[in-house]
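Construct the complete structure from the given sequences, taking the supplied hints into account.
Chains as they are written, first to last, in this note's numbering: chain A, 1 to 381; chain B, 1 to 381; chain C, 1 to 381; chain D, 1 to 381.
Just so you know, these hints were derived from the structure itself, not from any lab. Be careful, since some hints might not be right.
Copies of the same chain look alike in the list, so a pair counts if it fits in one copy or across any two.
[Claimed, not checked] Below, computed lysine to aspartate or glutamate pairings styled on EDC-like, alpha-carbon distance capped at 16 angstroms: (1) Lys179 / Asp333; (2) Lys172 / Glu330; (3) Lys172 / Asp269; (4) Lys270 / Glu153; (5) Lys270 / Glu227; (6) Lys172 / Glu182; (7) Lys270 / Glu290; (8) Lys179 / Asp41; (9) Lys342 / Glu32; (10) Lys172 / Glu336; (11) Lys270 / Asp29; (12) Lys172 / Asp186; (13) Lys179 / Glu78.
Residues per chain are reported as follows:
4 protein chains.
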Amino acid sequence: MNRIRLGMIGGGQGAFIGNVHRMASRLDDRYELVAGAFSSDSSRCIESARELGVDTARAYADYQTMAQREAAREDGIEVAVIVTPNHLHFDIARTMLSAGIHVICDKPLVTSVEDAVQLEALVHTSGLLFAVTYNYSGYPLVRQAREMVAAGELGTLRLVQVEYPQDWLATKAEAQGLKQAEWRTDPARAGMGGSLGDIGTHAFHLAEFVSGQQVTSLLAELDCFVEGRTLDDNAQILLRYSGGAKGSLWASQVAIGHENGLRLRVYGDKASLEWQQEDPNQLIFQPLGEPRRVLTRAGAGLYRLSAESSRLPAGHPEGFLEGFANLYREFADCVEARRAGKDRHITDTLIPAVGDGVKGVRFIEAAVTSARAGGVWQSLR
Amino acid sequence: MNRIRLGMIGGGQGAFIGNVHRMASRLDDRYELVAGAFSSDSSRCIESARELGVDTARAYADYQTMAQREAAREDGIEVAVIVTPNHLHFDIARTMLSAGIHVICDKPLVTSVEDAVQLEALVHTSGLLFAVTYNYSGYPLVRQAREMVAAGELGTLRLVQVEYPQDWLATKAEAQGLKQAEWRTDPARAGMGGSLGDIGTHAFHLAEFVSGQQVTSLLAELDCFVEGRTLDDNAQILLRYSGGAKGSLWASQVAIGHENGLRLRVYGDKASLEWQQEDPNQLIFQPLGEPRRVLTRAGAGLYRLSAESSRLPAGHPEGFLEGFANLYREFADCVEARRAGKDRHITDTLIPAVGDGVKGVRFIEAAVTSARAGGVWQSLR
Amino acid sequence: MNRIRLGMIGGGQGAFIGNVHRMASRLDDRYELVAGAFSSDSSRCIESARELGVDTARAYADYQTMAQREAAREDGIEVAVIVTPNHLHFDIARTMLSAGIHVICDKPLVTSVEDAVQLEALVHTSGLLFAVTYNYSGYPLVRQAREMVAAGELGTLRLVQVEYPQDWLATKAEAQGLKQAEWRTDPARAGMGGSLGDIGTHAFHLAEFVSGQQVTSLLAELDCFVEGRTLDDNAQILLRYSGGAKGSLWASQVAIGHENGLRLRVYGDKASLEWQQEDPNQLIFQPLGEPRRVLTRAGAGLYRLSAESSRLPAGHPEGFLEGFANLYREFADCVEARRAGKDRHITDTLIPAVGDGVKGVRFIEAAVTSARAGGVWQSLR
Amino acid sequence: MNRIRLGMIGGGQGAFIGNVHRMASRLDDRYELVAGAFSSDSSRCIESARELGVDTARAYADYQTMAQREAAREDGIEVAVIVTPNHLHFDIARTMLSAGIHVICDKPLVTSVEDAVQLEALVHTSGLLFAVTYNYSGYPLVRQAREMVAAGELGTLRLVQVEYPQDWLATKAEAQGLKQAEWRTDPARAGMGGSLGDIGTHAFHLAEFVSGQQVTSLLAELDCFVEGRTLDDNAQILLRYSGGAKGSLWASQVAIGHENGLRLRVYGDKASLEWQQEDPNQLIFQPLGEPRRVLTRAGAGLYRLSAESSRLPAGHPEGFLEGFANLYREFADCVEARRAGKDRHITDTLIPAVGDGVKGVRFIEAAVTSARAGGVWQSLR
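Following this line, the structure appears as C-alpha cells:
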C-alpha cells in the first residue's frame, strides 16, 4: 500500500476545519499527511507539525516555499489541501497547480467571480484534479436523494426548499476573540458574503446537487442583524430553477436554537423528499397518497451508490466525518487512477469540482447584487 | 343556563368546516344550534336540519328570510355563523348585521379590499360582535408563544418564518368532483387567492398574532403548478415587519407529504420559539446558550392565559377542535357580557376581529399585485 | 332528534374525568345530561347541576334516590355514567341495573374479583348495556392497529411491549390536598392497585385489544417509591400471552418527565407497529426489510373502521376527547338500536364491556399476588 | 510522534467489527496497525494484510506465532486487538498477556464465568492494560448522563429502563450464509447467550455505567422465536440494583423495525434522563416540574468530560465511530503513560476494564440460570 501524500495549507493549532480534513483523510487510510504550511507564524507552524506527526523539515512558513520544495522531492506531496480563510484560496491554488500538485480546496472557492473564472481556466489547463469541499454532498442519504430524483421517483419537480440556520453569530462573537468569527465577518478575508458565503453556498450546492436543476435567477434579502457587522448574517432568497421548479433558500447565523440546521426538502408531482443534516441517517420519502416512508442509511430499499457510501451497518450512526471522508475516498480513487495512467476527472465523480466552486461564487455575487438593489430579480448565468 | 342561540349559513351535509364549527360550539355547552340556511337547495337544507336536530320550521332556503324571521322571534338567533364559500360572506354578513345579529364568519373575510373595508365600517356602526375564525390563534400554545414574545422573552425579534404546506390539491382534485376543491380553485367563488386565501391568510394572521408586529411590505412569487388551474396553488412571500423583523411565508397546496403543516418559527436576539400545528401540544423554546426546552400544553412553566385555554391535563392531547372551541368560548363570554348590558368588544379579547379579516384581504391583494408585477416589493398599509 | 338522556354519578365541581365524559358525550350531540348525583355533599351537588345546566330538581344527594326517581319518570335517564372513586362503582352499578338503566362505568370496574364476577352476572341477567371506559381503545389509530394485527399484517405475534409512565405522583401529592391523588393512593377507595389499577389496567386492556391475545400468566414487581404510600406507584410486569407472544408491561406514576406516556409496540414475524398516546395521530408500521411507514389518522392506507372513527381530515389533530367520544358514539348507536327494539349488545361493538372490566380486576389481583410472593409467575384465568 | 503499534486477531476480509476497530484507532492518529492474525486461513490472512497495508511478513496464520514473534521484535506490537468469535477470546487473551502485550478485547469477554475469573486474575498478575469494548460508554452524551447522575442531578435513582432491540435475526439468517449470524447463534462459538451475550451485555454495562449502581439480582425470560435456533434471540429481564433502583432490560434480535435500538432511561426522584444510540447527539433531561430540556453533544450546559469526548462542534453529527474511538484514544493515553513509566491503569479511566467483562459474563450466566428455572430471581454477586 502506497498512501497518497498530502500537504496542508492552514489548519494549524485550534483550527476547526483543518482537523476535519485530517480526520476525514485518515478514516479509510488512503492518505498520509507529510507536509504543511499550517500557519504563517513559523513557530506555530512547526509546533503544529510536531503535534501532527509531520516531519518538521517539511513544515513550511509559506506555501510558495512548500510548493517549490515539495515539487522538487521525489516523495513530494501529491495533493494540497487548502483550509485557509477565503481570500487566500486563489493564490494558493494557483501556486499549487503551477507546481503540478492536485488540490482539495475549502469553500467558497475564491472571493470574486473574476478570480473564480480564472482559477477554473487554470485547472483545465493544468489537467490536475481539483475538488471543492461542499462536503454535505458526501452524506450517503443525500446521494440517495439525488438518485431518487434522477430516477424520476419524485416526478417533475415543483419546489426546492433549502435552509441552513445556525446561531453561533447571534451575538458579536467576532469582538470576543473568536478567530472563526473574526475572519468570517471581515470582508477583506471572507469576501462579499457573510452567512451567504460561509453556509449559503453549501445550501445552494446541495439544492442543485439533489434537484439536478440549476438556479437561473434569484432575488435576495440580506440582513445584518448584529450591530457593527458589515457582512450579512442572514439571507433569504427566492430562487427559480432551470427545470421549472421554484424555491427558497434561507441561510442564517443568528437563528437562535440552530446549531447546524441544514435541511433540504424537494417536492415533485409524484412524491417528496426531506433530509436534515443534524439527523443524517434518515431520509423521509413521501409518495403521493401513500404513507410516509423513512429510509435509513444502509437500510432497506436504497440505491447502490448510497449503500456504497456507507461504512457501517444501519443503526450505527454515521455523521459529519464519514460524509466528508467520502469525498476524500473518491478523490483518492482519482489520484490512484492518475498514478495508474488513467484518464480520470473530478467531473466523472460526485465530488464537487472547480465548476461547482465557480457557481458558488456567482451565487454570492448575484445575491449581493440583488439585495443591494433593494431586492430585485437577478439572473444567474 | 340559557344557551346562546346559533344560526348557521352553509354547512349542510358533507361540509367540513360547518361541522367543525358545530362541534366546537358544543364542546363547552354554551350554544345551541336552533336555525340554519344550510344549503341553497331547500330539500337538502331541511334534511340537514333534521340530521342536526334543528326544528325544520327554522331551516331556511335563503339567508335573507332567515335573518328576517329570526330577528322577529323573541327566541331568534343571537349569533349567525357564516361557513359558505368566500364570495357570499359579504352579503350574508351585511344582512345579519342589519338584522341585529352577531356574526362569526369564516376566513378569508371577503373577496376584495373594498368589500372588506365596507364590512368593517358596518360592524363598527352596528356595534355588534363580529369574529373571523383564524382558528389557529385559539391553540393554547400559540397563545403561550404570543405571551412569551410580548413579555420580551425572545428579546428584539429578528426573524419570523411561517409556512403552511398541504398536498390535497397536488393533483387536479377540482376536476374529480371534490366540492371543497371546486370552489376553492374557482376565482368567482374563492376570490383572488387560491392557496393564498385559503391557508396563506391563516399563516399571515398567525405570524402577526404571535410576533405582535405588522407586515409593512411583501414580495410574492405565486405559482399554479397544476395545469388548468387559474388561482395560485403555491405562494412564496418575503415579508418585512413593522418592528424590524424580516421573514418569509410559504403556503402551498401541492407540497406532497404535508397534510396540514402550519408551522411558525420566531427568532429574537435572546431566544427563539417553534410551534407546529400537527403537533400542537408542544412548543419549543430555545434561549441563547442554553439547552432547548420543550413546553407542553398545560405543563410546567406556562403563562396563565395559555393554561386557561386548556380543557385537559398535560399529556392528554388536545387538538384542532379544542383550539377552535376556544374562540367559541370567548365569543360566548362576549355575548353573555352584552346580554348583561356590559360594553364588551371582540378587540378586548384574543378572538380575531373584523379588522384582522380586513388585513387578511389586504394581504391577498398585495401578494397578487406583487406577483403579477413579476415579483416586486409591495407595501401593505 | 331525540337525544339520549344521561345521568351522572360523581363528576361534580373540580372533577377531571366527569368533565371528560360530559365533553365526550356532547361532541356528536347524541346525549343530553338531565340528572346527576354529582356529589354526596348536597349543596355542591346542586351547585354543580346549576353550572351544568341540569334542572336542580334532578340533582340528587344520593344515587339510590336518583335511580328510583329517574326510573319512575317517563323522561327519566336512560344511561347512568359512573365517575366516582373505584370503591363505589359496585353498589352504584348494581343499583342502576336494578332500576333498568344502562351503565357507562369508569375503570377499574370494581375493587375485588368477587364483586367483578357478581357484577358481570348482574349485567347478563339484566340484559342492559354496560360499558367500561378503557377509552384508549377509542383512538382511530389504535383501532387501525388492531385491524392490522387481525388481518395478519404483522404475521405471528412474538412480542407485545406496553408501557404507561406518568409523573404526577412522583412526590407525595396526596399529602398536599390534591383530591385526585388522595383517593387513588388510598386502598379503601382505590382497591388493591395503585398505579396498577389507575393506569396499569388501561395498558393491559390496550395490549389485549390490539394483539387479540389474552394474557395467560404474569410475574409482577410492584414498588412504592414515595415514602408513606401503601399502594404501588410503579409496576413492572412480565407477561405471557395465549397466542405464544411474550411481553412486558410497565406502569408508573413516579417516572419523572412523562405526562401520560401510554405506548404500545407489537412485533410479529412479518412486521411491527408502534403507537404513542401523546402523539395519537400517527402509527408506525414497519414491515420486515422495508422502510418504516408512518400511517396518519384519516390518512392514506387505513382500514375503514379506523377512518370511520375520525371526525376531522388528516393533519387536523384529534386528541383524547375524540377517542373518548368514539365510545360514547357507539354506545349511543346501541341505545338507539335498543329503543328500536333491536338486539344489540356491547360485545357486538369495540366498546369495552363488563367482561373487559372483570379481566382488569383479575389482572390487578394476579399482579398483587405475584408481587407479594416476591415475584413469581401467576396464572390469569 | 511515535504511534502505538497494534496487532489484530480476527477482523479479516468482510468482518464488521474488525474494521470498526481499525477506523476507530485511526481517527486520532495515535496507532498504526503493523501485524495481524486476521484469519486462520493463511491465504486470506495475507490478502487481508495486503489490503490493510500491513507488511505480509507480519501476517500470521495463528495468534500463538504472532505473540511469540512480535514479542521478540524490538518494534513488536504493543497492543493486541481481539475481534474473533467469543469462544477464542480466552486463549488469545491469555497468550497475549503472557507475551507482555496489552489487550483490547471485544465483548463478551469469554464464554464462562470460570474463564472470566481466571482471565481477570491473569490481567492483574500481568500488570498489563486490558480493555473490553463496551463501546457505547464512549459516546459523549452517555458520559454526560453518567456525570449528571453522579452529581446528584437526578436525586435518588428509582428506575433504570434499558432496551436494545434489533431485527437482523428476525429470520433464520444463519441458514442463509451470513457469517455474522452463524457464529452468534452457535453455542459452541458464542457461549451460553444469544442476544443476551451479543447485545444484552452492552445494555447491562450501559445501565450500570450510567446509573453508578450494580445489579444485585435479576429474573429472566429468554426466548428463541426463530425455529431451530438454540440460543435466545429475545431476553426480557427484571433487575434490582444495589442502590435501591429497580428496572428492566430488554434485548432482542427479532424486534422488526429496530436496527440498533439501544436506549436508556434513568429516573430519579428529582429528574430523569433519556438517551438513544440511534440519535446519539442529544440527551433528554427532564427535571421535575420543569420543561423538558434537550442537551446536545458539544452544546450548552455540558460537563467538561463530555465536551472533551467530542471532536466536532455541536450540530455536526458524531456517531458510532467517534464514540468507539474515545476508548481507543484513552487507551492510547494509558499506553503512553506506561511508556513514560507512569503507573496508569484502565480502572483510572472510563474505559471498560476486565472486571466489567467479568460482570458481563456473570450477567449472562445468571440470566440463563434464571430462565432455565422457569423465571425465578437469581442473585448476581
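Cross-check of the supplied hints:
no.	hint	verdict
1	Lys179 / Asp333	neither (34 angstroms within a copy, 29 angstroms between copies)
2	Lys172 / Glu330	neither (39 angstroms within a copy, 36 angstroms between copies)
3	Lys172 / Asp269	between (44 angstroms within a copy, 11 angstroms between copies)
4	Lys270 / Glu153	within (7 angstroms within a copy, 26 angstroms between copies)
5	Lys270 / Glu227	between (45 angstroms within a copy, 15 angstroms between copies)
6	Lys172 / Glu182	within (10 angstroms within a copy, 53 angstroms between copies)
7	Lys270 / Glu290	within (11 angstroms within a copy, 20 angstroms between copies)
8	Lys179 / Asp41	within (15 angstroms within a copy, 54 angstroms between copies)
9	Lys342 / Glu32	neither (22 angstroms within a copy, 31 angstroms between copies)
10	Lys172 / Glu336	neither (45 angstroms within a copy, 41 angstroms between copies)
11	Lys270 / Asp29	neither (42 angstroms within a copy, 40 angstroms between copies)
12	Lys172 / Asp186	within (12 angstroms within a copy, 51 angstroms between copies)
13	Lys179 / Glu78	neither (30 angstroms within a copy, 40 angstroms between copies)
Violation of the numbered hints given earlier is confined to hints 1, 2, 9, 10, 11 and 13; the remaining hints are satisfied by the structure.
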